[in-house]
Amino acid sequence: MTDQLPMPLQTGCEPSSSCDSRREFLGTAVAAVAMALTGCGKLSKEEFLQHNFRELSKDEVQTIIARLESEYKAKYGKTVKVGTEPAMPGVIFGYALDLSRCIGCRRCVHACVKENNQSRNPEIQWIRVLEMDKEEGVNLQHADQYYDPAEVPREGHFYMPVQCQQCKKPPCVKVCPVGATWREKDGIVVVDYNWCIGCRYCMAACPYGARHFNWGEPGLTPAEVNPDTHYLGNRPRPKGVVEKCTFCVQRTRKGLYPACVEICPTGSRKFGNLLDAKSEIRQVLEHKRVFKLKEDLNTQPNFFYFYGV
Amino acid sequence: MNTSPIQSAGLTLLLLAAPAFASPPEKGPKGEPVAQEGLQVPKPPFTEGVFPCTACHDGKQVKVNTQRRELAMHSEIELKHGPESRWCLDCHDANSRDNLHLASGEKVDFTVSYKLCGQCHGDKFRDWRLGIHGKRTGSWNGPKQYLLCVHCHNPHAPHFAPLKPMAPPTRPENIKLTKGVAR
Numbered sequence: 001m002t003d004q005l006p007m008p009l010q011t012g013c014e015p016s017s018s019c020d021s022r023r024e025f026l027g028t029a030v031a032a033v034a035m036a037l038t039g040c041g042k043l044s045k046e047e048f049l050q051h052n053f054r055e056l057s058k059d060e061v062q063t064i065i066a067r068l069e070s071e072y073k074a075k076y077g078k079t080v081k082v083g084t085e086p087a088m089p090g091v092i093f094g095y096a097l098d099l100s101r102c103i104g105c106r107r108c109v110h111a112c113v114k115e116n117n118q119s120r121n122p123e124i125q126w127i128r129v130l131e132m133d134k135e136e137g138v139n140l141q142h143a144d145q146y147y148d149p150a151e152v153p154r155e156g157h158f159y160m161p162v163q164c165q166q167c168k169k170p171p172c173v174k175v176c177p178v179g180a181t182w183r184e185k186d187g188i189v190v191v192d193y194n195w196c197i198g199c200r201y202c203m204a205a206c207p208y209g210a211r212h213f214n215w216g217e218p219g220l221t222p223a224e225v226n227p228d229t230h231y232l233g234n235r236p237r238p239k240g241v242v243e244k245c246t247f248c249v250q251r252t253r254k255g256l257y258p259a260c261v262e263i264c265p266t267g268s269r270k271f272g273n274l275l276d277a278k279s280e281i282r283q284v285l286e287h288k289r290v291f292k293l294k295e296d297l298n299t300q301p302n303f304f305y306f307y308g309v
Numbered sequence: 001m002n003t004s005p006i007q008s009a010g011l012t013l014l015l016l017a018a019p020a021f022a023s024p025p026e027k028g029p030k031g032e033p034v035a036q037e038g039l040q041v042p043k044p045p046f047t048e049g050v051f052p053c054t055a056c057h058d059g060k061q062v063k064v065n066t067q068r069r070e071l072a073m074h075s076e077i078e079l080k081h082g083p084e085s086r087w088c089l090d091c092h093d094a095n096s097r098d099n100l101h102l103a104s105g106e107k108v109d110f111t112v113s114y115k116l117c118g119q120c121h122g123d124k125f126r127d128w129r130l131g132i133h134g135k136r137t138g139s140w141n142g143p144k145q146y147l148l149c150v151h152c153h154n155p156h157a158p159h160f161a162p163l164k165p166m167a168p169p170t171r172p173e174n175i176k177l178t179k180g181v182a183r
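First to last, the protein sequences are chains A and B.
Per the numbering used here, residue 1 is the first one in the first sequence, and the count goes up by one each step.
Per the numbering used here, residue 1 is the first one in the second sequence, and the count goes up by one each step.
No lab work stands behind these hints: they were computed from the structure.
Keep in mind the model is a prediction, meaning the values are calculated, not measured.
For glycine and all other residues, C-beta sits at the position ideal for the given N, C-alpha and C.
The reader is advised that the hints may include incorrect statements.
Take a look, some chain B residues computed to stay more than 10 Å from chain A by CB distance [as the list claims (entries may be wrong)]:
id: 1; residue: Thr-47
id: 2; residue: Gly-49
id: 3; residue: Val-64
id: 4; residue: Met-73
A few chain B residues that face chain A, going by a derived Cβ cut-off under 7 Å, partial list only [unchecked claim]:
id: 5; residue: Leu-71
id: 6; residue: Ala-72
id: 7; residue: Lys-135
id: 8; residue: Met-166
Assemble the whole structure, with the sequences as input and the hints as a guide.
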């Protein structure tokens, strides 16, 4: 971690509440209730007293990472590395998905679960693939996410994967009463799982259904744990917190493509730096007609859809 | 795909500058000049043992025969690519079987088979060079490899092969049943 902490905030889309308001919001009584509700009763004193990730000093971050890593070691019996790579300067991530190529095979859905340490039982998936009628076009009222034919694509249908759109004006961030979720400088909307109180306002606010809640203790066996993690990304989550796609922050801040991009057999998924004119995402924006999902809501996604025909 | 369905769904199209295609850029991902031959590609996806073709096609064991006919060999290949009149030697070089050839007669290696495809699919080829069609692997801010067209399209029957979809999500009502989790 560099001495850039506490991380400066990105323009205008953060909650107006200061981060310390969580302490006020969590008056003792409320905290007790929250603990009962979210099952956070097992919080260690250190964890309960931990500051919001953005406000931590370098030393505090190191202490917390060491604590988490030893907890994971005890729980899963293997070494889990919790990274804290900050946003790279001069990088804002963008994503584009080619609706004329996607065949709905769901390789991305399952690669995402594996990479990001989602609960397997019940399985939490960050990508939903919608099957739609070519006749109807993009119509969320006529979309089926449970399709299961022997082979895809099915005649007369097309497929629209939906995941976090990494909005520039994320409604989820606005409604969080405790500042546990925010937009990083590289445009990734993240959650501090140690700060989240599990109120799920963000889930209600998200127009894309992109946030997911751990109702129970996430069912993740040691063999399933991906040990390459990031504090703000795929580290194993506790019960009672909200989670979402982070463009695989643990990979992309090291120059790798997100797992969904890497696995896609059709090449429908394009990813890169919006500030780099040579990136795949910029080539798509320059040469193809793109649209944003629910653009009328003015959430301003950095996730685009296009027809590459 | 026409645009009316998109509009009917109340989605606004964001129209960007008209896609005036320049010729493919002669710069690599980091601005370095790239000769077409210099594109990084993985190994061509040959069936184990079939290459080099000249192990058999040396002009002696297998004589050159340019006639269109039923083949006693390579019977797994069924041409389903464009017009009926197409024949193997439109793409494969009769006298130098370890190469393909372009319409001009120029021989090219299998590592640049995209040049062959690009002759008839110019639009896809341009998009492929830009990283829009097909796929590049590696790192988003570093070196990349291009998957060849033939990694995704069988050159003899190029329609993208259907796949078995992986498991759908569990319906919420079933999660409740199996886990008894309150919603």
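Do the hints match the structure? See the list:
1. Thr-47: holds, 19 Å
2. Gly-49: At about 25 Å from chain A, B/Gly-49 clears the 10 Å cut-off, so the statement holds.
3. Val-64: holds, 37 Å
4. Met-73: The claim stands: B/Met-73 keeps its Cβ more than 10 Å from every Cβ of chain A (closest is about 30 Å).
5. Leu-71: Because about 29 Å separates B/Leu-71 from the closest Cβ in chain A, which is outside the 7 Å limit, the hint is violated.
6. Ala-72: Hint on B/Ala-72: violated, closest Cβ of chain A at ~32 Å, above 7 Å.
7. Lys-135: Since chain A brings a Cβ to about 3 Å from B/Lys-135, closer than 7 Å, the hint holds.
8. Met-166: Hint on B/Met-166: holds, closest Cβ of chain A at ~4 Å, below 7 Å.
Comparing the model with each numbered hint stated earlier shows that hints 5, 6 do not hold.
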